[in-house]
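All chains, please: the whole structure from these sequences, using the hints.
Order-wise, the sequence lines are chains Z, G and Y.
FYI, my numbering numbers position 2 of the first sequence as 2, with every residue one higher than the one before it.
FYI, my numbering numbers position 120 of the second sequence as 120, with every residue one higher than the one before it.
FYI, my numbering numbers position 56 of the third sequence as 56, with every residue one higher than the one before it.
Treat each hint with caution, since some may be false.
The list treats identical chains as interchangeable, and a pair is accepted whether it falls inside one copy or across any two copies.
Taking lysine to aspartate or glutamate pairs in the EDC-like style, the calculated list, with each CA pair at most 16 Å apart, reads [said to hold, decoys possible]: (1) Lys66 - Glu129; (2) Lys155 - Glu77; (3) Lys155 - Glu70; (4) Lys66 - Glu118; (5) Lys125 - Asp101; (6) Lys125 - Asp103; (7) Lys125 - Glu109; (8) Lys69 - Glu109; (9) Lys66 - Asp103; (10) Lys155 - Asp101; (11) Lys155 - Glu118; (12) Lys125 - Glu77.
Everything labelled a hint here was simulated from the structure, so no lab data went into it.
All values derive from a computational prediction rather than experimental measurement.
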Amino acid sequence: MQGAVLLAAQPLRVKLLGSNNSSTGNPSATAGAGNPSLMAAAGPKWAQKTVTLPPHRRGCHLITPKIMKEIGNDLSEFKCGLAHIFLQHTSASLTINENYDSDVRSDTETFLNNIVPEGTSAPWKHTLEGPDDMPAHIKSSMFGCALTVPITNGKFNMGTWQGIWLCEHRDHPTARNIVVTLNGI
Amino acid sequence: MQGAVLLAAQPLRVKLLGSNNSSTGNPSATAGAGNPSLMAAAGPKWAQKTVTLPPHRRGCHLITPKIMKEIGNDLSEFKCGLAHIFLQHTSASLTINENYDSDVRSDTETFLNNIVPEGTSAPWKHTLEGPDDMPAHIKSSMFGCALTVPITNGKFNMGTWQGIWLCEHRDHPTARNIVVTLNGI
Amino acid sequence: MQGAVLLAAQPLRVKLLGSNNSSTGNPSATAGAGNPSLMAAAGPKWAQKTVTLPPHRRGCHLITPKIMKEIGNDLSEFKCGLAHIFLQHTSASLTINENYDSDVRSDTETFLNNIVPEGTSAPWKHTLEGPDDMPAHIKSSMFGCALTVPITNGKFNMGTWQGIWLCEHRDHPTARNIVVTLNGI
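Written out as structure tokens, the structure reads:
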């Protein structure tokens, strides 16, 4: 991270959300189930960056490491917040799913191809950009082009098995731009 | 809510978004269609909590009351903001849909089961965790694992018939964790 | 925009997210791929407005111009932020997809109608409100009722070909309310 600009740090109102079975706050606790989580006071921060992913072949790809490489340093400065990840394209998609077995990703690609007709039997009017184009648009709306992930103690607060997927729906892949916006304290 | 920590209250810039047919602001107005809504000045606030839902059987379940029970007190302190609700799992999903007739929920479960093949005729490679596991992953990406809801005057600003659903896609249900993040003024 | 209330402007912490191939910040740069983007210091701002869209016939409709007409002036005051767009209904949906060829929108409507059974052959129990009602609920959860779009330099930071669609899933269209929440600096 170059050129960090810290114009001012300032107090702001933060809340300790207690659990039902605890009556005392624990400043060092993580936001785990049933544990209170005290967020350190700091000025509200915004950060935004466009990340360009290299071309990926048609299918579903785990991109959590790539995203973390680009924003991990910035992320580490947020105690509590939200990360918004926005794909600027209409023929690919972002989703959160299993991060371990690559068969889950190829099975998901199989599902998408089975559910959205492609080729001569498909009913599409929009065919100028190739037989895979209209199916790609539909798949993009099915999974969506944006994700919002909670930030806790400098990290994405996802489940153990969750990862961020880029789903490329075109046959001839191209680089894809993602706008990442971080907001928090 | 135990242990609220109010480090400082501070002014910040807020905006009155006027409607086309009104030229005066009304501080007590709700953000209804065509009505201007003036948000009270207060320091920006963040709150975050992990809520554990007990096991729910396979199918779609209305969980708005459960969420409100856990965060309602905190929510009431936000005049304007956003609530982010994040499910930390890849074989269940969150969606917003009808909150009245339970038939809508069971019909939606019927749809999901009809659209995603399961069992011996299914083409999945990922079958180690049971025949319902890969279909569960697919359904999770179809509906998604996260919701963002506007907050207005201390409440979720949803439509009259909208509710938050937890859709459990596994046959053997388990407890599910949800990270709720509130941000606003 | 009537009645803007500027209670105070205040410094806050902002971050310059540098690219890998640049070591100097450029305050006037856009958040383009590989370019650093310095966000101007200003107080955090929240704005919220309910926009009522007139009835649209069943199908997919590009509504970016309508949204911009309602919030464009306010949007222009945000250097960096997020726009949340929330549809308060369970039988219509919002999605981001192609903004140019209307065939993409009609093909998407064709897909939705092919994938969700309607009429006498459909397995739905919830039929009191007409044969198009239960399919409308399902389509609403497939595409979702909410979008979050990054704001950069006073504008939606979407891709060249991206637009916001309202998908009306009922046969007899009605006016639809959308709650727009802007947050940023």
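What are the numbers of the hints that this structure violates, sorted from low to high?
Hints 1, 4, 8, 9, 10, 11 and 12 not satisfied by this model.
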